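> Could you slot chains B, C and D onto chain A? The hints should help.
Chains as they are written, first to last, in my numbering: chain A, 3 to 336; chain B, 3 to 336; chain C, 3 to 336; chain D, 3 to 336.
Hints in this document: simulated from the structure, not taken from any laboratory.
Since we're looking at a predicted model, the values are computed, not measured.
There's no promise every hint is true.
Identical chains blur together in the list; that is why a pair holds if it fits in one copy or across any two.
[Said to hold, decoys possible] Cut-off 27 Å, straight-line C-alpha distance, at most; resulting in silico cross-link-like pairs (DSSO-like, lysine-lysine): (1) Lys165 with Lys284; (2) Lys229 with Lys165; (3) Lys143 with Lys184; (4) Lys46 with Lys153.
Protein chains: 4
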Amino acid sequence: MNSFGIVFRVTLFGESHGPAIGVIIDGCPPGIGVKSDDFMTDLKRRQSGSIGTTKRKEPDLPEILSGVFNGVTTGAPVTLITRNSDKISSDYDEFKAVPRPGHADFVSQVKHSGFSDMRGSGHFSGRITWGLVAAGVIAKKIAGLADISAKLISAGGSEDIEKAIDEAIALNDTIGGIIECKINNPPMAIGEPFFYSFESAVSHLIFSIPAIKGIEFGSGFASAAMKGSEHNDPFINSHGLTLRNNAGGINGGITNGNEIIFRIVVKPTSSTGVDQTTFNFKSGEMTTLKVKGRHDTCIALRMPVIVESAAAIAMADLILVDRGIHGKRKSDIK
Amino acid sequence: MNSFGIVFRVTLFGESHGPAIGVIIDGCPPGIGVKSDDFMTDLKRRQSGSIGTTKRKEPDLPEILSGVFNGVTTGAPVTLITRNSDKISSDYDEFKAVPRPGHADFVSQVKHSGFSDMRGSGHFSGRITWGLVAAGVIAKKIAGLADISAKLISAGGSEDIEKAIDEAIALNDTIGGIIECKINNPPMAIGEPFFYSFESAVSHLIFSIPAIKGIEFGSGFASAAMKGSEHNDPFINSHGLTLRNNAGGINGGITNGNEIIFRIVVKPTSSTGVDQTTFNFKSGEMTTLKVKGRHDTCIALRMPVIVESAAAIAMADLILVDRGIHGKRKSDIK
Amino acid sequence: MNSFGIVFRVTLFGESHGPAIGVIIDGCPPGIGVKSDDFMTDLKRRQSGSIGTTKRKEPDLPEILSGVFNGVTTGAPVTLITRNSDKISSDYDEFKAVPRPGHADFVSQVKHSGFSDMRGSGHFSGRITWGLVAAGVIAKKIAGLADISAKLISAGGSEDIEKAIDEAIALNDTIGGIIECKINNPPMAIGEPFFYSFESAVSHLIFSIPAIKGIEFGSGFASAAMKGSEHNDPFINSHGLTLRNNAGGINGGITNGNEIIFRIVVKPTSSTGVDQTTFNFKSGEMTTLKVKGRHDTCIALRMPVIVESAAAIAMADLILVDRGIHGKRKSDIK
Amino acid sequence: MNSFGIVFRVTLFGESHGPAIGVIIDGCPPGIGVKSDDFMTDLKRRQSGSIGTTKRKEPDLPEILSGVFNGVTTGAPVTLITRNSDKISSDYDEFKAVPRPGHADFVSQVKHSGFSDMRGSGHFSGRITWGLVAAGVIAKKIAGLADISAKLISAGGSEDIEKAIDEAIALNDTIGGIIECKINNPPMAIGEPFFYSFESAVSHLIFSIPAIKGIEFGSGFASAAMKGSEHNDPFINSHGLTLRNNAGGINGGITNGNEIIFRIVVKPTSSTGVDQTTFNFKSGEMTTLKVKGRHDTCIALRMPVIVESAAAIAMADLILVDRGIHGKRKSDIK
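Here chain A stands alone, though its shape is the one from the complex:
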């Protein structure tokens, strides 16, 4: 189940230490300008190297295998890959026998009857999100004038994010964070009741990303303590502009033209340097594990661009479904 989308359809493939990872974007309209450089800004944002992220250096250069000719999309599926060049598989040899707490090591072995490639977490690796970001670059072009911007607003429970990371590094431990995504000038009236609401599409994609534990739209969990009269957003003009935005730009699963806002929570990186109790698959005996190797102190640092990409992909598909069903969208009603 490595595809998402009804009309604009994204398929991810690859393992962390296999020959390559990649993405296919099917249902992509022809005539969209695409060149390798377009991907650089977003792919760099998810790359390692900054404080709190792993030292592993990934060149991440995309090769365009199909769907683009003379610098524009052709209407055929767009395929992008990147080779895995910086692999040290010996780091991971033991995890097949001794599953790391908080990782997919255990469930992957059970689900795939022991056949998974778990080198570098294989297909469960965060590295697979490379394709999501690459697809997001194209999806953003379809989303048109919408301005999507996600940022890390807290880490380890603190808004002083650098300090929180330094403290975690000192403890040889890891931390999570909260990311807020805002979409200005969003497309009006996208989202398909009953089962393909805007929130359904976005959350479906967001919870595909490793390490996400929650999502909330608009006033989110704070809504539980509000009165209806406080929570409802009064209209201030006849184009649907509202005085406040507890709805997060969505009513009944459909965008209402106001800014879209959602927040997600990223758990602390599972690969912590602290001792943990686990067991050995072969012997069945309990044991202790300290994860070595190169790991992110705060994986959330890399994730704003991934969240943006997920939002863009959801929007692109909803836009194409909507256009298909309803024809050219009218800007307002008479």
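Same frame as chain A, now just chains B, C and D:
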């Protein structure tokens, strides 16, 4: 986009004040015992009448139109409908002209170019969840030994739920709440990377339900303030049992055999008796609206059974997909 | 797997002798005029009564359960049902024990582990095509100016169709036939490579219909004996009009603007009055069967309208997918 | 729409003269042995070089990019690519301006607004079937004991196929042919009513392949001239074995355990050396075209393995869907 599921596929239809609402359950295995009475417990739980919910009395008797013969499913699609008998459409006449803040009135008109049936909120009505609950009854039978239980754990920000509702009624206002869902004895190893993780399936369904603003799994938003060494769940035996359960029973999008836990937030009912600012579609002029008619003070009261149903439907589909790809699930690995 | 379509999605349900049969049409654009009378012409065409078809009288009046308000579609799923009123189940009691040659009796029992409702062939009955025709009525409105017309061009190997039927009746036997479908003024450039070619969509639907044994487009099986220079259709103007039409209006799976032509073959009705060898499921012993009851001598007589409906549904979905991906279709290229 | 399948899902990508072509196989069960050599036999069968097929030499070596580890599938998507090494694009430069009769040149330009990569027919090239054959190799392993065998039974209307090809070469013209596919020892009871019948799945895939004009199952078009008493296949034992096989191994869209038989017709290669009338897109003026370059006299020669692959893919998906809904298939009913 009124269907959900890859193999076990649920389709909802109907409008609040149309002739009938209903559901089709396709991909339902043959040989499952189904009789009208099976639906009564769950359908009553979502019915109106209790404190804080509307006085509208819905008989909600399901008629089985297809897919069941001699009291068992046949393998053909199961269709269930219920007639809409208690309709007072005049209550709603004005909302087509004057959209209610917090409702789908505005977006529905824009999206469907003014052709929506907005009587009783039409296809956007919470009444459409009748079919979700009916499908959930069958899905629970497929989920087998899994024991799914959701309950309202706070309302209006308080754990004294009755008191919170009484206070809201006194103010002629409304409140929301938080529902926690636990699944004991869940199926092991369901969830399909990359895009059909357990959380993706559940959240996709949950955000189809009107009034949901957020969802979190396991330690959820609290994870953001935890260290990795605190958040990871150490194993305590070789079958994957963990000492604590911050994961909420899921790693890498796949169930790990521990209890599944998630929480959702329900916004306050949008139909509050307090004055709100809105506008008139025809004149374009601003106006004030006070919603009359029968409405729930706290719609969250009705929703635990709906949340359970969504969880059951997600599980049923993931079980059938998993069984198709992997055959009979082995209980452990050698 | 009782649904077809990516955006315009048709779901069929019901059994021949169950309470009702019906159809849901999801992804239907809002604003399409729909009233009960619209269905009468096409539903009558598939109804019994004419020479060579069963005497069973079906009123077939459609009840609109959802998706239509004030005589137009709303954008919500359209649900249509009709009650099964004229059921004589005792006719069919023996087929559960003794499967009829040429019928689905045997495979249905094996597939559904004996739980199928086989009264009147249940969900395998030709009666289920009622919903296909009803959906076709709406699909034809989406196909716009396309003029779809199917007719029976031979029966029992003869072009004198009435005579062929009379002869078969005299023998207490049954015959099949060939139906040709032409679509004038078809939408240009619909069909989605690689896997959703125009022919793929049409044949997928056609082979869902009971009793179909083959389909060919344009010059079809006769192409095998032609030279390339004979088979290719030379262009006669720069809008793509061709001198002849061996392509049947399709190149590379995409409509080319010329008339679309395809033919299908319908096998002789399986329920023949002649003795046939079969066996008893319980005893395992061989036995002889003569099918009694009311049956069509030539089921192909009823099928032109069903074929038209399948073509219309395929076109409607391809049109909506195309519009979604490509925007408003330009009539020509500069 | 470059994917096919519900659970076992095949996605094709690439253009004839782009960097590479390939295929993703998602929903592939883990634990299936796969090595590069497994693909050689089938890939060679579709390769050029034999009499009547083009001289273009394609090495066609598959590179496995993902989903296989230590020689077995892992449960993650399997990605296979091959580089396009032998490209002479100048052959095709003129077809963008002057569409070849019988080709997709015209519709492709209209559909994709002139953005298609038409070098070597781009994504419309028969070369794209490389991925179908590669996926078929894996699908055949899932189809288990089923023995799938397709062969060319006539070419240019003659059963002396070599002679027919020699004659066509002498005329500088091209011919088509008829391919028959038989599946011995097929899986019992696969096929999902109403819309995913065995024939629907197979024909959907078959009509994705370029140059196919028709398909028939069992007695096919000859059924139209048969009586019901002749056409029905009498049972000869209580396991469903039949005396003859007009059904082609399928009743009610479900396999009945007897040999599956279907035939397809391939049109003559469109690229004939004979003069043809066409037009110039830019000037709008009519012109004459003689296709030069390397082309197959009889493309049907290469297609038996492609037809087998399509059949295997359809079976693999139907098997996994059936297993999901029905669990382990019982061999008979008690």
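> Next, verify each hint and record whether it holds.
Hint-by-hint comparison with the structure:
In this assembly of identical chains, the alpha carbons of Lys165 and Lys284 never lie at most 27 Å apart, being 42 Å within a copy and 55 Å across copies at closest. In this homomeric assembly, Lys229 and Lys165 come within 27 Å of each other (Cα to Cα) only across copies, at 14 Å, whereas the closest approach inside a single copy is 37 Å. When the C-alpha separation of Lys143 and Lys184 is checked against a cutoff of 27 Å, the pair qualifies only within one copy, where the shortest distance is 17 Å, while the shortest distance between copies is 40 Å. Proximity of Lys46 and Lys153 under a CA criterion of 27 Å is satisfied intra-copy only: 15 Å inside one chain copy versus 44 Å between copies.
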